[in-house]
Amino acid sequence: MTLRACAIALLTVLVAAGSALAPAPVTAQNKEVFVPLLVYRTGPFAPSGIPIANGFVDYFTLLNERDGGINGVKVTWEECETQYDTKQGVECYERLKGKSAALVNPYSTGISYQLIPKAPVDKVPVFSMGYGMSASSDGRWFPWVFNFPTNYWSQASAVIRYIGTQEGGLEKLKGKKIAHVFHNSPYGKEANPTLEELARKYGFELALLPVDTPGQEQKSTWLQVRRINPDWIFMSGWGVMNQVAVKEAASIGFKMDHFIGNWWSSSDADVIPAGDGAKGYKGATFHAPGTNFKVHADIVKYVYDKGKGAGKKEEMGSPLYNRGIVNAMFSAEAIRTAMKGAKGQAPTGEQIRWGFENLNLTEKRLDEIGMKGFTHPIKVTCEDHEGSGPVLIEQWDGKKWNIVSDWIQPMKDVVRPKIEAAAVEEGKKLGYTQRDCSKEK
Amino acid sequence: MIYREAGQFKTTYASDQAIFPIVQDKWIVGAAMVAAFVAVPLVANEYWLQAVLIPFLIYSMAAIGLNLLTGYAGQLSLGTGGFMAVGGYAAFKLTTAFPWLDIIVVFVLAGVIAALVGLVFGVPSLRIKGFYLAVATLAAQFFLIWLFNKVAWFTNYASSGTITAPPRTVAGVMVTGPLAGAGARYVVALALVVLGALVAKNLVRGRIGRSWMAIRDRDIAAEIIGVRPLRTKLLAFSVSSFYCGVAGAEYVFLYLGSAETLAFDIGLSFLVLFMVIIGGLGSILGSFLGAAFIVLVPIFLTNVPHLLHLPMPVALQKQIELMVFGGLIIFFLIVEPHGLARLWQITKEKLRLWPFPH
Chain Z
1 MTLRACAIAL
11 LTVLVAAGSA
21 LAPAPVTAQN
31 KEVFVPLLVY
41 RTGPFAPSGI
51 PIANGFVDYF
61 TLLNERDGGI
71 NGVKVTWEEC
81 ETQYDTKQGV
91 ECYERLKGKS
101 AALVNPYSTG
111 ISYQLIPKAP
121 VDKVPVFSMG
131 YGMSASSDGR
141 WFPWVFNFPT
151 NYWSQASAVI
161 RYIGTQEGGL
171 EKLKGKKIAH
181 VFHNSPYGKE
191 ANPTLEELAR
201 KYGFELALLP
211 VDTPGQEQKS
221 TWLQVRRINP
231 DWIFMSGWGV
241 MNQVAVKEAA
251 SIGFKMDHFI
261 GNWWSSSDAD
271 VIPAGDGAKG
281 YKGATFHAPG
291 TNFKVHADIV
301 KYVYDKGKGA
311 GKKEEMGSPL
321 YNRGIVNAMF
331 SAEAIRTAMK
341 GAKGQAPTGE
351 QIRWGFENLN
361 LTEKRLDEIG
371 MKGFTHPIKV
381 TCEDHEGSGP
391 VLIEQWDGKK
401 WNIVSDWIQP
411 MKDVVRPKIE
421 AAAVEEGKKL
431 GYTQRDCSKE
441 K
Chain U
442 MIYREAGQFK
452 TTYASDQAIF
462 PIVQDKWIVG
472 AAMVAAFVAV
482 PLVANEYWLQ
492 AVLIPFLIYS
502 MAAIGLNLLT
512 GYAGQLSLGT
522 GGFMAVGGYA
532 AFKLTTAFPW
542 LDIIVVFVLA
552 GVIAALVGLV
562 FGVPSLRIKG
572 FYLAVATLAA
582 QFFLIWLFNK
592 VAWFTNYASS
602 GTITAPPRTV
612 AGVMVTGPLA
622 GAGARYVVAL
632 ALVVLGALVA
642 KNLVRGRIGR
652 SWMAIRDRDI
662 AAEIIGVRPL
672 RTKLLAFSVS
682 SFYCGVAGAE
692 YVFLYLGSAE
702 TLAFDIGLSF
712 LVLFMVIIGG
722 LGSILGSFLG
732 AAFIVLVPIF
742 LTNVPHLLHL
752 PMPVALQKQI
762 ELMVFGGLII
772 FFLIVEPHGL
782 ARLWQITKEK
792 LRLWPFPH
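Line order of the protein sequences matches chains Z and U.
So in my numbering, spot 301 of the first sequence is number 301, and the numbers just go up one at a time.
If you want my numbering, it's the position in the second sequence, counting the first as 1, plus 441.
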């Protein structure tokens with residue numbers, strides 16, 4: 001009886017306290033720029049989520065410690081755990097956007113699709129760096145969404161170009177068999193239309209092999225692979241699916257140097273479980289792995305040596321950690337562009353959107369921020385929110401990732417018309433109209 | 442004292458059979474309705490509407506559906522997510538094929554389609570019971586999700602396989618699509634769930650509900666007194682799936698805005714089942730209480746460290762949240778296996794006798 005009374009009392013307290021939980025709207029402090037970070041440090045995708053989140057936080061800490069923020073405006077941030085779950089991600093976004101969020105990095109294609117329609121309403125630019133909706137690369141239809149330096153479609157075309165060069169020319173692809181092993185979700189399916197078109201154009205045989213989420217069980221997929229016996233495999237996986245796929249490929253004796261993961265399928269966590277079997281596995285990327293750059297030395301000096309690091313010093317330099325750094329750097333540079341040289345004043349959401357759209361990251365600027373050779377220069381325009389940046393191929397040698405290719409240009413002639421067509425379709429679904437870029441300044 | 446019904450005499454059958462026979466209850470419910478329809482949309486901010494209240498209402502709808510099937514008719518189902526997916530995808534296909542159709546009509550038609558699908562998957566319940574039926578409905582869950590993932594027609598051949606709610610209006614107010622305000626979506630969800638709860642309450646009080654309960658309590662005895670198992674069980678499946686279907690359509694159109702099959706995975710089926718169990722099997726009020734518990738407590742726990750200004754890493758925070766939430770579920774189930782609805786009933790009894798307990 002007393003327990004029951006406790007239960008009733010507890011419920012009463014919960015209800016009473018619950019009504020007091022409404023997050024108080026914080027008035028915009030224009031001395032700081034606030035970035036909400038949707039992270040996943042727990043759950044089945046944590047092995048991928050933790051290094052990205054650490055990269056982000058370390059770079060922002062570096063900006064504050066070394067430069068005193070961006071043009072004198074401190075960067076503040078708050079992490080919110082999403083577990084890579086769309087509903088929790090939206091809850092996080094709704095909670096944090098009230099703190100005058102400068103931009104949002106959803107870090108999940110599912111969450112990106114949720115936030116894209118909200119962006120123009122809330123005036124918070126969505127920066128889905130190399131993921132999300134490929135169609136949003138057309139800035140005439142999606143002014144508030146940015147997915148530079150390159151998107152899934154460009155990546156797929158660059159990978160096919162790489163395979164072509166390995167085979168001795170794109171015309172040699174005729175009659176070859178290429179399999180696409182993909183996570184059976186909007187994310188994994190993104191590359192399919194481009195691959196289908198390229199298969200028609202170059203005459204290779206394409207096998208589409210879906211793996212249902214989360215991807216711990218892939219025996220049937222790899223049986224199919226054995227039956228088809230493809231010359232090359234391209235994979236769009238995430239989380240636990242990657243390591244299982246790499247292990248399965250090793251166990252059926254597939255030539256690992258003919259197995260290429262996309263940039264979410266090529267991190268340390270994906271190859272280490274397969275041990276020596278993973279040697280030779282390749283991955284696409286748009287930035288270098290490793291820590292041989294000035295920015296890493298700065299992070300050690302200003303962040304880790306002061307005991308402010310988000311992770312462990314030894315874990316720096318993994319592809320996903322570096323991706324977090326690149327993502328934070330692009331965000332910071334867009335905010336800097338939005339300030340137009342003004343100091344001490346945080347820009348508004350609309351100004352930051354303009355900053356993204358007019359971002360011109362030159363080789364010189366990359367050198368200044370200690371990232372020479374780390375990633376490729378990029379120029380964003382009103383029409384092109386993707387920049388169709390080039391792609392690198394990296395290879396796992398059993399201990400670390402090494403770059404094994406030059407910058408590979410995507411096939412813009414194939415991808416861009418598809419993006420424009422898809423943008424019309426996706427834009428109309430949301431009731432958007434095409435804007436005239438010649439009127440933007 | 443406050444809750445005393447002394448002096449309230451029932452002079453007609455109608456007043457004796459009212460849903461809320463006590464005058465105080467009528468006032469409380471009436472006031473709650475006014476507050477919910479008028480005050481909340483005016484006062485609540487977007488976070489409350491979008492992240493708390495809209496999912497609460499939609500989950501309540503689904504929980505009512507499952508409660509009719511599992512709580513009243515005694516048929517354990519793990520196919521809720523699948524039936525909600527049917528509703529969501531049916532609504533998407535209907536409203537893109539017939540854009541002039543009113544969105545409320547679309548929701549109802551989506552519910553009808555889900556009811557038909559539920560009817561089909563209810564057929565095994567005539568032969569198998571209990572956990573075995575749960576396994577059969579699990580098959581429905583996996584089959585339906587697989588179907589929507591596999592057949593591109595359901596998503597209108599979208600390359601990503603995502604369905605997006607197009608903009609639609611009710612009486613000139615935008616209620617779906619990106620430009621729809623949270624307030625408008627909230628009011629639509631609220632109106633639907635209030636109507637749904639009212640219909641469900643009257644269903645379970647009448648002949649149909651009694652025949653469901655007869656089947657639940659002992660099917661052979663029910664058959665002997667003239668309840669036909671075939672019709673009764675299939676009716677339970679289809680009515681339940683109707684509610685789940687409407688909830689699924691709302692889930693896509695009013696809450697998420699766009700969805701993939703992952704949104705309707707097995708986790709959703711379990712979530713709704715937990716709501717029904719924690720709220721109270723065989724209680725309409727319990728469906729609301731269970732939904733509130735499952736939706737609100739995690740959000741509350743997430744916000745506690747912020748309210749107390751405790752600096753805590755998010756990963757630790759999430760893990761503590763999961764542990765506390767799990768602990769609370771176990772605590773409430775030990776204290777009151779019949780669910781929160783039963784706790785409320787006991788509280789009510791106490792209030793009626795207060796200050797003279799016996």
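Just so you know, not all the hints are guaranteed correct.
Unchecked claim - These stretches of chain U come out as covered by chain Z in the derived footprint (C-beta under 8 Å, 3 or more residues):
#1 498-512
#2 547-559
#3 596-602
#4 654-660
#5 692-699
#6 782-795
As the list claims (entries may be wrong) - The calculated lysine to any residue pairs, modelled on SDA-like cross-linking and capped at a C-alpha distance of 25 Å, are:
#7 Z/Lys379 <-> Z/Gln216
#8 Z/Lys87 <-> U/Leu763
#9 Z/Lys87 <-> U/Ala662
#10 U/Lys791 <-> Z/Gln216
#11 Z/Lys312 <-> U/Leu748
#12 Z/Lys31 <-> U/Leu748
#13 Z/Lys99 <-> U/Pro778
#14 U/Lys591 <-> Z/Leu209
#15 Z/Lys99 <-> U/Val635
#16 Z/Lys308 <-> U/Leu757
#17 Z/Lys172 <-> Z/Ala17
#18 U/Lys591 <-> Z/Gln216
#19 U/Lys467 <-> U/Asn486
#20 Z/Lys87 <-> U/Pro778
Calculated directly from the structure, the hints in this document are not laboratory data.
Small disclaimer: the values here were computed from a predicted structure and weren't measured.
Ideal placement from N, C-alpha and C gives every residue a C-beta, glycine not left out.
Contradicted hints - numbers only:
1, 2, 4, 7, 9, 10, 11, 13, 15, 17, 19, 20
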